[in-house]
Every structure is written in structure tokens, then in C-alpha cells.
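Same order as they appear, the protein sequences are chains V and P. First residue of the first sequence? That's 0 in numbering that gives the first Met the number 0, and the numbers climb one at a time after it. First residue of the second sequence? That's 0 in numbering that gives the first Met the number 0, and the numbers climb one at a time after it.
For the record, the hints were derived by calculation from the structure and aren't laboratory data. Possibly wrong hints are sitting among the right ones.
Here are the simulated lysine to any residue pairs, SDA-like style, with alpha carbons at most 25 Å apart [what the hints assert, rightly or not]: (1) V:K48 - P:Y274; (2) P:K48 - V:R273; (3) V:K83 - P:R140; (4) V:K240 - V:R217; (5) V:K50 - P:S16; (6) P:K240 - P:R140.
Listed next, the stretches of chain V that the computed footprint assigns to chain P, with coverage defined by at least 3 CB atoms under 8 Å from CB atoms of chain P [as the list claims (entries may be wrong)]: (7) 32-45; (8) 60-71; (9) 75-83.
Glycine included, every Cβ here is placed at the ideal spot set by N, Cα and C.
2 protein chains.
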Amino acid sequence: MTFDLTILGSGSALPTSRRYPTAQALNVLERFFLIDCGEGTQLQLRNAKVKFGHINHIFISHLHGDHVFGLFGLLSTFNLLGRKTDLYIYGHSDLENITGFFRRQFAEEMQYPIHIMPLKPGALQLIFEDKVCEVFAFPLRHRVPSWGYLFKEKVRGPNIRKELIDIYKLGIKDIIDIKNGKDFTTSEGVVVPNSDLVTAPKPPRSYAYCSDTAYYERITKWIAGCDVLYHEATFADSERKIAKQTGHSTASQAAMIAKKAGVKKLVLGHFSNRYKELDTLLVEARTIFTETYLAEDLQTISI
Amino acid sequence: MTFDLTILGSGSALPTSRRYPTAQALNVLERFFLIDCGEGTQLQLRNAKVKFGHINHIFISHLHGDHVFGLFGLLSTFNLLGRKTDLYIYGHSDLENITGFFRRQFAEEMQYPIHIMPLKPGALQLIFEDKVCEVFAFPLRHRVPSWGYLFKEKVRGPNIRKELIDIYKLGIKDIIDIKNGKDFTTSEGVVVPNSDLVTAPKPPRSYAYCSDTAYYERITKWIAGCDVLYHEATFADSERKIAKQTGHSTASQAAMIAKKAGVKKLVLGHFSNRYKELDTLLVEARTIFTETYLAEDLQTISI
Numbered sequence: 000m001t002f003d004l005t006i007l008g009s010g011s012a013l014p015t016s017r018r019y020p021t022a023q024a025l026n027v028l029e030r031f032f033l034i035d036c037g038e039g040t041q042l043q044l045r046n047a048k049v050k051f052g053h054i055n056h057i058f059i060s061h062l063h064g065d066h067v068f069g070l071f072g073l074l075s076t077f078n079l080l081g082r083k084t085d086l087y088i089y090g091h092s093d094l095e096n097i098t099g100f101f102r103r104q105f106a107e108e109m110q111y112p113i114h115i116m117p118l119k120p121g122a123l124q125l126i127f128e129d130k131v132c133e134v135f136a137f138p139l140r141h142r143v144p145s146w147g148y149l150f151k152e153k154v155r156g157p158n159i160r161k162e163l164i165d166i167y168k169l170g171i172k173d174i175i176d177i178k179n180g181k182d183f184t185t186s187e188g189v190v191v192p193n194s195d196l197v198t199a200p201k202p203p204r205s206y207a208y209c210s211d212t213a214y215y216e217r218i219t220k221w222i223a224g225c226d227v228l229y230h231e232a233t234f235a236d237s238e239r240k241i242a243k244q245t246g247h248s249t250a251s252q253a254a255m256i257a258k259k260a261g262v263k264k265l266v267l268g269h270f271s272n273r274y275k276e277l278d279t280l281l282v283e284a285r286t287i288f289t290e291t292y293l294a295e296d297l298q299t300i301s302i
Numbered sequence: 000m001t002f003d004l005t006i007l008g009s010g011s012a013l014p015t016s017r018r019y020p021t022a023q024a025l026n027v028l029e030r031f032f033l034i035d036c037g038e039g040t041q042l043q044l045r046n047a048k049v050k051f052g053h054i055n056h057i058f059i060s061h062l063h064g065d066h067v068f069g070l071f072g073l074l075s076t077f078n079l080l081g082r083k084t085d086l087y088i089y090g091h092s093d094l095e096n097i098t099g100f101f102r103r104q105f106a107e108e109m110q111y112p113i114h115i116m117p118l119k120p121g122a123l124q125l126i127f128e129d130k131v132c133e134v135f136a137f138p139l140r141h142r143v144p145s146w147g148y149l150f151k152e153k154v155r156g157p158n159i160r161k162e163l164i165d166i167y168k169l170g171i172k173d174i175i176d177i178k179n180g181k182d183f184t185t186s187e188g189v190v191v192p193n194s195d196l197v198t199a200p201k202p203p204r205s206y207a208y209c210s211d212t213a214y215y216e217r218i219t220k221w222i223a224g225c226d227v228l229y230h231e232a233t234f235a236d237s238e239r240k241i242a243k244q245t246g247h248s249t250a251s252q253a254a255m256i257a258k259k260a261g262v263k264k265l266v267l268g269h270f271s272n273r274y275k276e277l278d279t280l281l282v283e284a285r286t287i288f289t290e291t292y293l294a295e296d297l298q299t300i301s302i
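I would like the entire structure built from these sequences, with the hints used as guidance.
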């Protein structure tokens, strides 16, 4: 039951030779989501061996270039690869301008439909749902409208205790009934209570993405208790003033959000290119929240 | 007297994990020219350690995405780095639409002027000139208007024979006069003829860039005798039909152009992603033109 995050780019506005601008691929039980799409995303998708045809949903946090300039190449490549299936792009309504310009200037013969799914300002909103997972968007605080995303497994039903299938010679209908909470009556008329037949499901997992954003405590209620939080940490604490001016966070602020939200693990990213080494950011964050890690390009984190 | 070509990307429309889309950096006696600007060009410029501030002229062959999608990120980065100096972009007049859209959507506070220098169809045209070099554009044959570029050192003056400076106690004015072709008269009244004072300059070097293009014999007269020709070779000969349909060349066709133009060295690039190994293309080209080489990303070729 895969729930894997692959970091495609963990740099910020000025890319370095070690970090691409922002993009992530998320595999939630074989649903492949792309989060942000900085320049070079399609190259990193190839490096990470993510199949292009698997991506049907792209979630864009905000319309700064380092989060969207990879869209042009990716949308082109989809077309060249003969894509016919619908593509959904979530984010600011101006994405319509961007894809419109792209079509006019570069791709008059687009073979597949692109659906822009504009987000509302102000509050947590459910933007995608299928049998196994849900995606929510929520506002961040940045220089331009910016959204975070929360990816959640749905609560799964209880698991049947496999050894009992043979013992009671359970058929498919029996199994469905038991999974739906019914007791089972044996051929001898003995009633086995449902609680003896099943084990509790694993708790549903969740991943929250928060970039770009200044320190914004309001988000902690939306991401409370999530398994992994990716939070931008563009700056060290010594640059707190610049962080505030530019609508970014320091490593300590990211850790404070993780702590207040009670998440299990914090991954820092979107590092300013001014830092050759990131030890300072890691130490500052771990002082507040121990389970903090630094994102690395092409790293995969199992959730 | 540097004249160096650095391949930033030698792939074609579908980039691979080994080749970026098309871009090249050319250093002609410390003038830094960028040729095409596929996605990821700014990342490759960092990897090649080319200073962003040195680039004042960008030459775009045509407006297919794999030759221009890197412009967005590069123009942004120039701005973020505080660029104030003029930037000149040569190519199709629609570049005005592209940079106009870029400004409106992503960069309202641009700090530096961008000058689009539209090219004319039809013939060889001088598009840039300074003290040491000239750049010419000429039409290629592709599905959309496409131009090749020829970068030429100017003919340099003769070199003074250094040992004579001491012997005849030459002053600066004497040296300028001699370089301008005058004889020299010693204090004893002996006339030393100019031909005894100077050695002939090295012949001026030149580099021609031809991508994307179908086989187009007309270009051979414009690039005749150049030191290095980069010519696209998207396909092997077995794909001659597809090459024609898509306005591209095979390796043999590129070699035929090199041979007919009498160039010294041919570099093939813009390889289709269908080829894992390029030996076939190299062998096919070398059968016609021995001095053929395959471009590799981040390789530097001294001209």
C-alpha cells in the first residue's frame, strides 16, 4: 500500500547545481500526483523514473516562476507522447492564462484536454476525492495567493483475519458481510461475533505540503497530526527579517508549525541558494522539533 | 584568444536523463553568446560555470519549446540577480509575444531592458558586430521559420615581431604605424620594410550552428569553410522519411552538408530520444565526412 513522496526539486527561486526548483511526485496507492512544477520537472521525473502517463493531477501552490516554469515543457511532452487523457491542474485561476498562452504560442494541436481547477481563497477545501484518498487545499501566507495541500488516505475498512477464511470456509459474500461489520454464523449455528473475525485497519496516512509561506499558525489546525509535513525553510533564523519581508519561513518557524500541529515528521525544503551547507537550518529546527529532516533532490520518503 | 563552444543541451524535443534540450554557450574572445535556450538552460549554465552576467546576447533558432522554454527561468534569474544591463534576443518576431507574456504574468518589476531583434527571412544577414567578431543569421528549412547562425572572428591585423621592439626601440606610435602597414625608418635612416617587421595573423576562426533543419543545400555557401559546424542529426538514415516529414536531418545528411561546405569539423546533435546508443549515427556520418563527432552535454570544444 504505497504512499511515497519523491522530491524532484528542493531549491528556491535561484536554482543551484545541486537543487532543482520546486516539484514533488506523490504516489498515494498508485495515484500519481505532481505538486508544483518548477523548471526541469520533466527532467527530474525521468531521473526518478516516474511514468508521465500516470500523472493526471497537478497541484500548483502559487504562480511564482520557480513553481510553474516546468509546466510548458511538461505539457508539451505529454502532447508529444500522444497523451489523450484529461489533465487537471489545481491552483490560482490565472493558470488559465498560462495554459492559454502556451496553447496559442506553442501547441495549437493539443491532443488532450487540460482542466484548470481554480482554488478559492480563505479556508480548507476538498478539491479531489476518489475511492482511496482525498486532497484538500488551504491558504498559505505569501506575497501572492498561495495554497498548501493535504493528501489523505481514506479510512479503510477492517481487515479480515486471514486464517479464519479456511477454518470457517468463508465465501466472498461472507467476507464482504464481515468487512461490513456483520457477525458470522457457522454451519453448526454458532454465531462468531464480528470483533473476533477482524483486526482494526491501520490508521489512514496523510501528507501536508506547505510552500511558499511565511509563518502562519492558522494552518496547524488543517494539518494537525499528519504523518509527514513538508514545510518551506528558505532561511536560517539570522534572516528572520528577510523571511518576513519576502513571505518566507525560517527553519525554526517551520519547526514551530510542525510542533504546534503535532505532525510526526517534518521535511524542510525550498532552501535559499545562499546556504552552501544546511546544518544551521537543521540544528535550529531540531532544537524545536526533533523529527526534522532536510529534503534532497530525488530522495523518496515513504509515508 | 578563446573561441570555445560549450554544449549545454544536445537532446531534442523529448529530453532524456542524459541530454537536456537544446542550448549552447559560446565564448568568442570573452564575448559570451547563448544559442537557443531549452528548458533547464540556467541549470546547465550553472553546471558549466558560465557567469550569468556575461550573457548579453541570446540567439534563438526557432520557436519550438525545446529551444525556448528555458527563457522564462533565465530571464527571471537575471532579474533576481539584479541585472540592469540590456539584453538582446535575436530570432522570430514572435519572441516579443513570449517576453511580453512573461513580463505581464511573472515579472512586472523587470529591472533590465530586453530588446527583441527580429530576423528577416530569406538570406544571410549580419545581425551583430563589434571590434572582434561578427554574427550572421541565415534561414534553415524546418516546419516553422528557423535560422542558423554563423559566428566569425574578424580578420585581425598582422602581429609585430616582438623581438624587434627592443632592437629598434619601438614606441607605441611606431607599433601602431607598423600594424597599419607602414615601413619603419631607424635613427640611422635605414628603411625596414613592413614585411620584415610583422608576421601574418592567424586566419579568423568561425563557428556555424544549424538546428533545427531538414537537409538544405543552400546553407553550404553561407557556412563554407567554417572551423566547426554544429548540425542537427535527429535521426539515423533508416528514419529518412520521418526526418523529411518533421523537417529534420539524418546523420548522413548533416555529413553531406559538412562535406559540401568544406568545413573542418562537424559536431552532430539534437538526437532523437529513440536512440540509446548513437554509434549508428556516427558511423553513417563518418562514411561521408571523417571529421564528425557527437555532441555531449557540458562538453567544451575549442575552435
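Here is how each hint holds up against the structure:
| no. | hint | in the structure |
| --- | --- | --- |
| 1 | V:K48 - P:Y274 | 18 Å, holds |
| 2 | P:K48 - V:R273 | 17 Å, holds |
| 3 | V:K83 - P:R140 | 30 Å, violated |
| 4 | V:K240 - V:R217 | 20 Å, holds |
| 5 | V:K50 - P:S16 | 13 Å, holds |
| 6 | P:K240 - P:R140 | 15 Å, holds |
| 7 | 32-45 | holds (count 5) |
| 8 | 60-71 | holds (count 7) |
| 9 | 75-83 | holds (count 4) |
Hint compliance for this structure: hint 3 alone is broken.
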